[in-house]
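Chemist: From first to last, the protein sequence lines stand for chains B and L.
To convert, count from 1 in the first sequence and add 5; that's this note's numbering.
To convert, count from 1 in the second sequence and add 119; that's this note's numbering.
Since the hints were made in silico from the structure, they are not lab data.
In this text, all values refer to a predicted model and were calculated from it rather than measured experimentally.
Hints should not be assumed to be uniformly reliable.
[Said to hold, decoys possible] No more than 16 angstroms apart at the CA atoms, straight line, and that leaves these computed lysine to aspartate or glutamate pairs for EDC-like:
| hint | chain 1 | residue 1 | chain 2 | residue 2 |
| --- | --- | --- | --- | --- |
| 1 | B | 241 | L | 140 |
| 2 | B | 209 | B | 275 |
| 3 | B | 267 | B | 254 |
| 4 | L | 122 | B | 14 |
| 5 | B | 208 | B | 59 |
| 6 | L | 168 | B | 14 |
| 7 | B | 238 | L | 140 |
| 8 | B | 208 | B | 275 |
| 9 | L | 145 | L | 167 |
| 10 | B | 267 | B | 204 |
| 11 | L | 168 | L | 140 |
| 12 | B | 104 | B | 59 |
Residues per chain are reported as follows:
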Amino acid sequence: MSEFECVMEIPEDARNPVEPFLRMDRMPHIWCPGCGIGTTVNCFVRALLSSKSDLDHVAIVSGIGCTGRVAGYANLDSFHTTHGRAIPFATGLKLANPKLQVVVYSGDGDLFAIGGNHFIHAARRNMDLKVICVNNLTYAMTGGQTAPTTPGQVISATAPYGVFEPAFNLVQLAEAAGAAYVARWTTYHVTQLARSMGEVLNKKGFCFIEVLSPCPTLYQRRNKMGDGLDTMKYYKEASKIRHGAPTGECALTKSGEIVVGKFVDRDRPDYLELMRTQLHESLGERYAEPEAVCGL
Amino acid sequence: MAKGFVAVTVERCKGCGFCVEFCPTKVLDLSSAFNSKGYHPPYVVAGEKCSGCDLCGMYCPDFAIFGARYAR
Ligand code: SF4
Ligand code: SF4
Numbered sequence: 006m007s008e009f010e011c012v013m014e015i016p017e018d019a020r021n022p023v024e025p026f027l028r029m030d031r032m033p034h035i036w037c038p039g040c041g042i043g044t045t046v047n048c049f050v051r052a053l054l055s056s057k058s059d060l061d062h063v064a065i066v067s068g069i070g071c072t073g074r075v076a077g078y079a080n081l082d083s084f085h086t087t088h089g090r091a092i093p094f095a096t097g098l099k100l101a102n103p104k105l106q107v108v109v110y111s112g113d114g115d116l117f118a119i120g121g122n123h124f125i126h127a128a129r130r131n132m133d134l135k136v137i138c139v140n141n142l143t144y145a146m147t148g149g150q151t152a153p154t155t156p157g158q159v160i161s162a163t164a165p166y167g168v169f170e171p172a173f174n175l176v177q178l179a180e181a182a183g184a185a186y187v188a189r190w191t192t193y194h195v196t197q198l199a200r201s202m203g204e205v206l207n208k209k210g211f212c213f214i215e216v217l218s219p220c221p222t223l224y225q226r227r228n229k230m231g232d233g234l235d236t237m238k239y240y241k242e243a244s245k246i247r248h249g250a251p252t253g254e255c256a257l258t259k260s261g262e263i264v265v266g267k268f269v270d271r272d273r274p275d276y277l278e279l280m281r282t283q284l285h286e287s288l289g290e291r292y293a294e295p296e297a298v299c300g301l
Numbered sequence: 120m121a122k123g124f125v126a127v128t129v130e131r132c133k134g135c136g137f138c139v140e141f142c143p144t145k146v147l148d149l150s151s152a153f154n155s156k157g158y159h160p161p162y163v164v165a166g167e168k169c170s171g172c173d174l175c176g177m178y179c180p181d182f183a184i185f186g187a188r189y190a191r
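Take the sequences, apply the hints, and build the full model.
Modeler: Have a look at this one:
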């Protein structure tokens, strides 16, 4: 029997378009049934294809957590860093080899709690990094504790009577810190997400995409919100596309409206450009480009 | 005749149902049969309606399904 079980006529050479981008020897992956992380990976692969990225010059860096596994599954140059340190590692990678397209792919806990400081400073400097944050509103891998993104009233492992502390609004935080591009989608919005990811692969500066994703095992289950599919249906019903919406009005709540879209797309000189300008001014002839010195 | 086809790697499926729900022409349904891990994979119920849009492939978190247009 063939690998594909189907009543349709399937051409001999048919192949899932994501497979060449994955380390297939590591499949099946560890993500739970109905988890949305794999869906975001599909969108990322479509974006790599549509943006015509040179795969030898794309590197992907993850921190720790369920989303952190993406670096291990992507068939690209990739690095799985320590907890919260994806952005500093990616910054070093970018500065040492400015030609690389460096993508940071990590979860909300890793990027905004343990690595929160790194996030705001990379955005402030307008470091040329593409940050994709899969936000499942909880610390999933460690058992579903309250994260800085967990909305009020939600039951978590560390808030059995409901979360009462205010949560971060990631898109507002990213804009305020200086990101050049800020968008939010959910795992229901696969085509829009793939388009946004393709856009940032061709944009200079610090770009941030938040993707809301179900964690049926630790978030939805504890809150009696059903499974992954129920969450996808909620995303479909509750989402409103509002491009350019003021990010301050886009905070997420437990079960309310989800504002999605592209909120910020602006051009600011990035870190390397600023550094070059400054050093040229101060050092004149004595300044040599790092590429020339390192022979990259 | 269908414009496209859909292929399922049954053993990789975790039965989440995303592909069934979001197929725009309702080509799929979850099978009552199990794969070896105990999940219900999708199967084709209306193959002639498949446009090969690959939305199922975009949604599938387990890389277990994809669609494509027939080359003509
Ligand atoms: S624990 Fe949650 S985030 Fe982690 S793989 Fe499972 S569903 Fe996905
Ligand atoms: S989307 Fe993928 S994992 Fe989910 S039921 Fe369909 S084939 Fe199975």
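Chemist: Is the straight-line distance between the alpha-carbon of residue 241 of chain B and that of residue 140 of chain L 16 angstroms or less?
Modeler: The given pair, whose Cα atoms are some 12 angstroms apart, holds under the 16 angstroms limit.
Chemist: Given the proposed pairing of residue 209 of chain B with residue 275 of chain B, does the C-alpha separation stay at or below 16 angstroms?
Modeler: 7 angstroms, holds
Chemist: For the pair we were handed, residue 267 of chain B and residue 204 of chain B, check the Cα-Cα distance against 16 angstroms.
Modeler: Within the cut-off at roughly 11 angstroms; holds.
Chemist: Between residue 208 of chain B and residue 59 of chain B, is the straight-line Cα distance small enough, at 16 angstroms or below?
Modeler: Distance ~15 angstroms between residue 208 of chain B and residue 59 of chain B Cα, so the pair holds.
Chemist: For the pair we were handed, residue 168 of chain L and residue 14 of chain B, check the Cα-Cα distance against 16 angstroms.
Modeler: 14 angstroms, holds
Chemist: Taking only the CA atoms, is the gap from residue 267 of chain B to residue 254 of chain B under or equal to 16 angstroms?
Modeler: OK: residue 267 of chain B and residue 254 of chain B at ~13 angstroms, within 16 angstroms.
Chemist: With a cut-off of 16 angstroms on the C-alpha distance, tell me whether residue 145 of chain L and residue 167 of chain L pass.
Modeler: Cα-Cα ~11 angstroms, so holds.
Chemist: Can the restraint linking residue 104 of chain B and residue 59 of chain B be considered satisfied, given a maximum Cα separation of 16 angstroms?
Modeler: Holds, at roughly 11 angstroms.
Chemist: Need the status of pair residue 238 of chain B, residue 140 of chain L: alpha-carbon distance at most 16 angstroms?
Modeler: 9 angstroms, holds
Chemist: When you check the alpha-carbon spacing of residue 168 of chain L and residue 140 of chain L, does it fall within 16 angstroms?
Modeler: 15 angstroms, holds
Chemist: For the pair supplied as a hint, residue 122 of chain L and residue 14 of chain B, confirm whether the alpha-carbon distance does not exceed 16 angstroms.
Modeler: Holds, because 11 angstroms separates the two Cα atoms, which is no more than 16 angstroms.
Chemist: For residue 208 of chain B and residue 275 of chain B, compute the direct alpha-carbon distance and say whether it is at most 16 angstroms.
Modeler: Holds: residue 208 of chain B and residue 275 of chain B sit about 11 angstroms apart, inside 16 angstroms.
This entry satisfies every hint, going by the numbered hints stated previously.
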